[in-house]
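The lines below spell out each chain.
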Amino acid sequence: MTLLSPVWTALLYLAAAVCFILALKGLNSPRTARQGNLVGAFGAVIAVVVVFLSVRLDNIPWIVGAIAVGSVVAAPVARRVKMTQMPQLVALFNGVGGGAAALVALLELAHSSDGWMRVAVVFTLLVGAVSFAGSAITFAKLQELMTTRPVVFPGLPVVMALVLLAAVGAGAGVVFSGSQALAVGLMLLGLVAGVLLVLPVGGADVPIVISLLNAFTGLAVAASGLVLGNVLLVVAGTLVGASGTILTRAMAAAMGRSVAGILFGAFKGGSTAGSTAVSERPVRSSSAEDVAVLLGYAQRVIIVPGYGLAVAQGQHTAAELAEALEERGVDVDFAIHPVAGRMPGHMNVLLAEANVPYESLKEMGEINSEFKTADVALVVGANDVVNPAAKTTAGSPIYGMPILEVSQARQVVFLKRSMRPGFAGIENDLMYEPQTTLLFGDAKESLTKVLGAVKGL
Amino acid sequence: MDGISLLTITVLAVFVGFEVVSKVSSTLHTPLMSGANAIHGIILVGAIIVAGQAHEPLVLAVALLAVVLATANLVGGFVVTDRMLEMFRGRKRTESADKQKEDAR
Chain A
1 MTLLSPVWTA
11 LLYLAAAVCF
21 ILALKGLNSP
31 RTARQGNLVG
41 AFGAVIAVVV
51 VFLSVRLDNI
61 PWIVGAIAVG
71 SVVAAPVARR
81 VKMTQMPQLV
91 ALFNGVGGGA
101 AALVALLELA
111 HSSDGWMRVA
121 VVFTLLVGAV
131 SFAGSAITFA
141 KLQELMTTRP
151 VVFPGLPVVM
161 ALVLLAAVGA
171 GAGVVFSGSQ
181 ALAVGLMLLG
191 LVAGVLLVLP
201 VGGADVPIVI
211 SLLNAFTGLA
221 VAASGLVLGN
231 VLLVVAGTLV
241 GASGTILTRA
251 MAAAMGRSVA
261 GILFGAFKGG
271 STAGSTAVSE
281 RPVRSSSAED
291 VAVLLGYAQR
301 VIIVPGYGLA
311 VAQGQHTAAE
321 LAEALEERGV
331 DVDFAIHPVA
341 GRMPGHMNVL
351 LAEANVPYES
361 LKEMGEINSE
371 FKTADVALVV
381 GANDVVNPAA
391 KTTAGSPIYG
401 MPILEVSQAR
411 QVVFLKRSMR
421 PGFAGIENDL
431 MYEPQTTLLF
441 GDAKESLTKV
451 LGAVKGL
Chain B
1001 MDGISLLTIT
1011 VLAVFVGFEV
1021 VSKVSSTLHT
1031 PLMSGANAIH
1041 GIILVGAIIV
1051 AGQAHEPLVL
1061 AVALLAVVLA
1071 TANLVGGFVV
1081 TDRMLEMFRG
1091 RKRTESADKQ
1101 KEDAR
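Chains A and B, in that order, give the protein sequences.
Each residue of the first sequence is one higher than the one before, counting from 1 in our numbering.
Each residue of the second sequence is one higher than the one before, counting from 1001 in our numbering.
Hint data in this document are derived by calculation from the structure and do not stem from the laboratory.
Computed from a predicted structure; not experimentally measured.
Built from N, CA and C at the ideal position, the CB exists for glycine as well.
Any given hint could be a false lead.
Computed footprint of chain A on chain B, listed as stretches where at least three residues anywhere in the stretch have a Cβ under 8 Å from a Cβ of chain A [stated by the list, open to error]:
| no. | segment |
| --- | --- |
| 1 | 1008 to 1021 |
| 2 | 1027 to 1034 |
| 3 | 1038 to 1052 |
| 4 | 1056 to 1068 |
| 5 | 1078 to 1087 |
Between beta-carbon pairs, the in silico distance windows are [claimed, not checked]:
| no. | chain 1 | residue 1 | chain 2 | residue 2 | range |
| --- | --- | --- | --- | --- | --- |
| 6 | A | Gly261 | B | Glu1056 | 15 to 25 Å |
| 7 | A | Arg410 | B | Glu1019 | 25 to 35 Å |
| 8 | A | Trp8 | B | Asp1002 | 18 to 28 Å |
This is chain A alone, in the form it adopts within the complex (with noise of 0.2 Å):
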């Protein structure tokens, strides 16, 4: 016996599904984004007890628990997790749900006698599995537990071609027997294909990767829906899809690369030229003192926030550093690259953290233009987004990706933990230009410094 009729479960799904528009519509404009986002969990939260009040379930106790289990795990990593993280956190909960459509198509194909529910179903395992594995690696390489450069090896294509042909027969082979040893065989299959899609992609693309598996695992959902006639499914699997596929351009667009680019140019080849030539060349390094010295005295100073910043924590000793220099008069602006941090807009949400005022912090677009009237450029803990290699290196694997202007500074000033290059993992020739000064340290403890300097002045 179920308590809605169909009816009311027809509305209530249409109801929840309104509340995914909503939450997707509202995340466009800052005001708005947060309210967004709980429409959107109030929609889930109307979805789940439809479903439990509309369709005759058996094991309810087992379900509950694992409901239980999975906020009970999930929930407190999502609250404690560091802002720095956050990029590799989001990528672990996209593969969970790619998974999670997996195994759902998998069970459903013993109920699934249609051809066309099959082809649903195939497709559903096949991308859910791409997805989870995808994911679990762009997660390893987030969290630095593999090297973050583009992994390949000779016969690479080879051997995703021959994968996805198998999968293809696999695939095939599913719709027409309905096997469930086959089933299982094509999700291991695209377990494959998804490490082998993402381990190519090497630094700063890794986000944009996030996001087009993520956009994989909106269509696995769709298409389970479709495998289980569940209308809510349908709708919000294709809306994150579809707009998940829009941010993917529009992230890639940003940094100035397309989306086969960074999925396919590593396969040719080529693209980590230049990554294994470490110089010896000399570099000019200097004090605390010097650098307070040199801000102190400036009339305009634009920091360069970067990834070493947000891991070291500083951005607020480095709003204190801002705050500082404009009582004594001098003009600051932090100059936002849009990939700045490990995803686009994760700086601005940093330096938000921070309470740094959002008009100090200038877009990319904004600012360039600026780099040429400002005395200091300071550079903490950012390296690939200020990479003049980007302009100048054809075959460099950020070649193409839009830049900040920095050289054009009359000083530049990097904070920097070592000679270590960047994520990308290239060399930076910036750093033995003659105007620019580097400062060894960590990111928070060198600005602490030289906040401290700049205060004795």
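Using the hints provided, position chain B relative to the given structure of chain A.
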């Protein structure tokens, strides 16, 4: 529901999906991706249905695993998105607090 209706709904949903995110600024790319990520956690509904119809222990076990994973996606996704967006609100709150201070003077 018949195939044609589902197809119609799917196609319309594609256009809605394109439309709602077409003009978003790069500042909000990350929260938007995270929010969309949470929404596909709704696969939980599918996982619950499959688990509720399972009769063999192995099937139930796999279905419950799907429920756990989907819940993690759904709950974790919304919570982490909220965390990110909290930052935006935090800034506005201090701005209005500053304003109140000024007003008080």
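Hints versus structure:
1. 1008 to 1021: n = 10 at 8 Å, threshold three: holds.
2. 1027 to 1034: holds (count 8)
3. 1038 to 1052: That given contact holds, which follows from 15 residues of the segment 1038 to 1052 of chain B lying within Cβ reach (below 8 Å) of chain A.
4. 1056 to 1068: Held - the segment 1056 to 1068 of chain B has 9 residues with a Cβ nearer than 8 Å to chain A, which meets the minimum of three.
5. 1078 to 1087: holds (count 10)
6. Gly261/A x Glu1056/B: 15 to 25 Å: violated, 47 Å
7. Arg410/A x Glu1019/B: 25 to 35 Å: With Cβ atoms ~46 Å apart, the hint is violated.
8. Trp8/A x Asp1002/B: 18 to 28 Å: At roughly 20 Å between Cβ atoms, Asp1002/B and Trp8/A fall inside 18 to 28 Å, so the hint holds.
Violation of the numbered hints given earlier is confined to hints 6 and 7; the remaining hints are satisfied by the structure.
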